[in-house]
Structures are given as C-alpha cells and as structure tokens.
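**Q** Letter by letter, the chains look like this.
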Amino acid sequence: MICRDLLRWLAEREAGRLDARQSGELASHLRECLECRKTSEQFQRGMADLGQAYSGREPLDLSTRILARLDTRPLRPVLRWALALGELAVAGILTLLPSVVF
Amino acid sequence: MRGPGIVIIKNRGPELEPETGKRFREGDPEALRIIIWEYQAAMYRLGLRMFGQAADAQDFVQDIFIHVYEKRRLYHSDRPFQPWLYRVAVNLARGQHRRKREYAWEALPEKPQSGRAEDLLLAEERDRRVGEALQRCRPLARETLALRFETGASLAEMAEILGVSLGTVKSRLSRALEDFQRCYLALGGDSHDLP
Numbered sequence: 001m002i003c004r005d006l007l008r009w010l011a012e013r014e015a016g017r018l019d020a021r022q023s024g025e026l027a028s029h030l031r032e033c034l035e036c037r038k039t040s041e042q043f044q045r046g047m048a049d050l051g052q053a054y055s056g057r058e059p060l061d062l063s064t065r066i067l068a069r070l071d072t073r074p075l076r077p078v079l080r081w082a083l084a085l086g087e088l089a090v091a092g093i094l095t096l097l098p099s100v101v102f
Numbered sequence: 103m104r105g106p107g108i109v110i111i112k113n114r115g116p117e118l119e120p121e122t123g124k125r126f127r128e129g130d131p132e133a134l135r136i137i138i139w140e141y142q143a144a145m146y147r148l149g150l151r152m153f154g155q156a157a158d159a160q161d162f163v164q165d166i167f168i169h170v171y172e173k174r175r176l177y178h179s180d181r182p183f184q185p186w187l188y189r190v191a192v193n194l195a196r197g198q199h200r201r202k203r204e205y206a207w208e209a210l211p212e213k214p215q216s217g218r219a220e221d222l223l224l225a226e227e228r229d230r231r232v233g234e235a236l237q238r239c240r241p242l243a244r245e246t247l248a249l250r251f252e253t254g255a256s257l258a259e260m261a262e263i264l265g266v267s268l269g270t271v272k273s274r275l276s277r278a279l280e281d282f283q284r285c286y287l288a289l290g291g292d293s294h295d296l297p
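Protein sequences, first through last, are from chains A and B.
Its first residue numbered 1, the first sequence is counted upward by one per residue in my numbering.
Its first residue numbered 103, the second sequence is counted upward by one per residue in my numbering.
Because the hints were derived from the structure by calculation, they are not lab data.
As the structure is a prediction and not an experimental result, all values here were calculated from the model.
Hints are supplied without guarantee of correctness; some may be wrong.
Stated by the list, open to error - Quick list of simulated restraints, FRET-style, between CB atoms:
1) B:D161 with A:V90: 23 to 29 Å
2) A:S28 with B:D180: 47 to 53 Å
3) A:A48 with B:R240: 30 to 36 Å
4) A:D19 with B:A219: 43 to 49 Å
5) A:G86 with B:P116: 22 to 28 Å
6) A:T95 with B:L176: 27 to 33 Å
7) B:D180 with A:A27: 29 to 35 Å
8) B:D161 with A:L85: 31 to 37 Å
9) A:L85 with B:E234: 51 to 57 Å
10) B:L222 with A:S28: 53 to 59 Å
11) B:D180 with A:D71: 27 to 33 Å
12) A:G92 with B:T270: 55 to 61 Å
13) B:E172 with A:A89: 43 to 49 Å
The beta-carbon is built from N, C-alpha and C at its ideal position, and this holds for glycine as well.
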C-alpha cells in the first residue's frame with residue numbers, strides 16, 4: 001500500500017498532513033522496505049535541491065525600465081475625459097469672461 | 103508558524119516601513135521607487151519560477167509594479183505590505199497563465215562564479231534540473247512551490263496571500279511536492295523505478 005503511494009505519503013508528511021499514527025506507519029515501513037527507503041532519500045535530496053536551487057538575478061536596469069514604463073503609461077480613459085472637460089471649461093470661461101466683465 | 107519541511111529563505115525583501123507604505127498609498131513617487139528597489143529581485147525570482155523565461159519574468163515584474171501603483175488605494179498602510187504585494191503578483195501570474203497556457207524552459211542566466219569547478223558544475227546541473235522540473239509541474243503546483251521555496255513564505259503567510267485556509271495550503275503543498283518530485287526524479291535518470 002505504502003510502496004505504491006510512497007511519493008504521496010512523503011509529500012503529505014512534508015506538508016504536515018500526516019498525523020502521529022500515519023507518521024509512525026510510514027517510518028516503520030521505511031525501516032523495512034529498502035526500495036522505499038532509497039526513494040525517500042531521493043525525495044529528501046529533491047527537497048534540499050528545491051530549497052537551494054538558484055533561480056536567477058534580475059537585470060541591473062530592471063527598476064529603470066519599470067519607472068520608464070510608469071512615466072510613459074497613457075492616462076486612463078476617465079482621466080483623459082476629465083482633462084478634456086477641464087480644458088473645455090477653461091476655454092469657455094476665457095471666451096465668456098470678456099463679455100461678462102465689459 | 104514556519105511549518106514542517108526544508109525551507110531556505112532566499113533574500114526576501116524586508117517588511118516595508120509603515121510611513122513608506124502610507125506615502126506610497128498617497129502616490130508619492132519616491133515611496134514607489136523604494137518599493138521597486140526593495141522587492142524587484144524577489145518578484146523577478148518568483149516570475150522566473152512561474153514562467154521559466156527571463157523575458158516573461160521581466161514583463162511580469164513590470165506589470166506587477168504598474169498594477170500595484172494603479173491599485174495603491176486598495177492597500178491598507180496599517181497592514182504588512184508583502185502579503186498584499188504577493189497577492190497581486192499571484193493574481194497577475196494566474197491571468198498570464200490563462201493567456202499563455204504553454205511554457206518552455208530556457209537556460210538559466212549565468213550564476214556568479216565562486217568555489218571549486220566540480221561543485222559549480224554540480225550546482226549548475228541541480229539548478230537546471232530543478233528549473234526544468236518546475237516547468238513541467240502544473241501551474242498551481244508551480245505557484246505553490248514558488249511561494250514556499252522562492253519567497254520562504256510560511257504556511258500561514260501562504261494562506262493569507264492565496265486567500266485560502268491553512269488546510270487548503272497544506273493540501274496544495276502536498277500535491278505540489280508530489281508533482282515536483284515525480285518530475286525531478288524522472289529528470290534525474292535514476293535507476294530506481296518510481297513507485
């Protein structure tokens with residue numbers, strides 16, 4: 001039973017999903033089964049490798065590129081409309097102002 | 103709670119000072135610069151793990167910070183910044199996964215060299231295999247493993263970032279580890295048959 005589902009048992013133990021009885025059952029099986037013990041050792045090496053593996057470093061100019069994209073990003077439609085309406089309002093005031101004042 | 107298992111924290115950014123968080127929320131460009139500077143490396147590594155391609159990871163990081171800046175009003179500056187940032191990143195990655203569907207593994211960027219030649223070769227081979235195995239995992243597994251092993255998030259932090267219960271995180275982590283180990287062992291070409 002454990003032999004067939006060994007990877008699942010090991011993964012569940014690693015994720016903290018086995019209770020004390022199940023952990024004992026797994027440990028007892030690993031003491032008795034040489035093949036499963038080997039796989040368990042490989043599993044542990046895989047865990048260590050996953051933790052230690054180097055993924056890569058970001059390019060040095062990444063922050064510059066992010067900031068450049070933020071600066072050149074087009075305004076959202078709501079803002080574009082607000083700006084256009086504001087410009088119209090100012091133009092209207094400037095047009096009407098002389099006739100009101102004089 | 104750190105939870106069971108081997109977890110190596112890889113240069114996770116420091117928690118943001120509340121004052122900086124507050125200024126960021128108000129749209130202060132200097133606060134945004136601090137945030138980009140502090141977290142771009144962690145976001146880039148997360149992107150590499152999730153997409154496997156340097157170009158995709160770079161686009162991903164740019165999208166994260168643009169999105170974060172546009173949605174800054176949704177951030178509550180009295181709460182920790184990183185879980186919010188990671189939540190935005192995970193949601194964006196899911197959207198990109200849905201759009202792309204397919205991934206290809208590319209060679210890792212050159213690693214800073216130090217140590218014996220033989221050790222370096224072994225480490226490079228390990229890094230390549232881990233990267234390739236991750237790219238063979240399902241996107242949900244990759245997301246879970248990237249959060250756990252690339253950012254060193256605890257199970258409780260993962261639950262907060264993903265917006266799920268602790269039990270669900272454990273269940274996802276268990277399935278993700280099984281998925282990864284199956285791919286990793288298969289790539290290793292080991293003579294011992296997988297169960």
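**Q** Hint by hint, note whether the structure agrees.
**A** Each hint tested on the structure:
no. : hint                          : verdict
1   : B:D161 with A:V90: 23 to 29 Å : violated (39 Å)
2   : A:S28 with B:D180: 47 to 53 Å : holds (50 Å)
3   : A:A48 with B:R240: 30 to 36 Å : violated (23 Å)
4   : A:D19 with B:A219: 43 to 49 Å : holds (47 Å)
5   : A:G86 with B:P116: 22 to 28 Å : violated (41 Å)
6   : A:T95 with B:L176: 27 to 33 Å : violated (41 Å)
7   : B:D180 with A:A27: 29 to 35 Å : violated (46 Å)
8   : B:D161 with A:L85: 31 to 37 Å : holds (34 Å)
9   : A:L85 with B:E234: 51 to 57 Å : holds (55 Å)
10  : B:L222 with A:S28: 53 to 59 Å : violated (40 Å)
11  : B:D180 with A:D71: 27 to 33 Å : holds (29 Å)
12  : A:G92 with B:T270: 55 to 61 Å : holds (58 Å)
13  : B:E172 with A:A89: 43 to 49 Å : violated (26 Å)
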